[in-house]
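Novice: Here is what each chain is made of, one letter per residue.
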Amino acid sequence: GAVVSQHPSWVICKSGTSVKIECRSLDFQATTMFWYRQFPKQSLMLMATSNEGSKATYEQGVEKDKFLINHASLTLSTLTVTSAHPEDSSFYICSARGTGYGYTFGSGTRLTVV
Amino acid sequence: DQQVKQNSPSLSVQEGRISILNCDYTNSMFDYFLWYKKYPAEGPTFLISISSIKDKNEDGRFTVFLNKSAKHLSLHIVPSQPGDSAVYFCAATKTSGSRLTFGEGTQLTVNP
Chain A
159 GAVVSQHPSW
169 VICKSGTSVK
179 IECRSLDFQA
189 TTMFWYRQFP
199 KQSLMLMATS
209 NEGSKATYEQ
219 GVEKDKFLIN
229 HASLTLSTLT
239 VTSAHPEDSS
249 FYICSARGTG
259 YGYTFGSGTR
269 LTVV
Chain B
6 DQQVKQNSPS
16 LSVQEGRISI
26 LNCDYTNSMF
36 DYFLWYKKYP
46 AEGPTFLISI
56 SSIKDKNEDG
66 RFTVFLNKSA
76 KHLSLHIVPS
86 QPGDSAVYFC
96 AATKTSGSRL
106 TFGEGTQLTV
116 NP
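Taken in sequence, the protein lines are chains A and B.
So the first sequence is numbered by this note's numbering: it starts at 159 and just counts up by one.
So the second sequence is numbered by this note's numbering: it starts at 6 and just counts up by one.
Treat each hint with caution, since some may be false.
Said to hold, decoys possible - Here are the simulated BS3-like cross-link-like pairs (lysine-lysine), alpha carbons at most 27 Å apart as the crow flies:
1. K222/A - K61/B
2. K199/A - K59/B
3. K10/B - K199/A
4. K172/A - K199/A
5. K73/B - K42/B
6. K61/B - K42/B
7. K213/A - K42/B
8. K224/A - K73/B
9. K199/A - K99/B
To be clear, the hints were calculated from the coordinates, so they are not data collected in a lab.
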């Protein structure tokens, strides 16, 4: 079946630094990648949608300069949280979709900014 | 604007009984619905889906029912098992589009 690998699974960083999260589709080509954010006991909120080779489309209220998304290949998308602050601490989840494949989610990344 | 709502934040059932999780939506353009199971600090795992051309889809212990006129879907798990304890999310999308819209989730606890 379709597998999406997300790394790291958890990361702690200092305030003001940047953190990169990787999302890879291991056995299919992901034409579209989605990045979600989940706060404790809340729903998954879509942050942005990216198609391979195109700029990401960000949801309203999501700062594109803070959350940089790159989808340079059909198997890899990255989310970089720039100049992280404690309020960016959250659980980030990627999802990939390819032709003939449904929505496959990564295992998530717990980001803690101290 | 919460287009997909799960009004019950939690549900507790006895092992062997039926679990019924409910979901309502407001966007009549949604035509494909999915249920996911999620454990803490993990990504969602796909359970079952249904297209709007059907009103029922069954897969083992899991059955999803869709009532288009009421804009309501439900997930039935029978018999419930302790391993089913998790947060269940319903999600909706338009097949012509691509994004999923999630409900708030329902924490299911199955007691032995």
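Novice: When the hints from earlier in the document are held up against this structure, which numbers fail?
Specialist: Per hint list: 1, 2, 7 and 8 violated.
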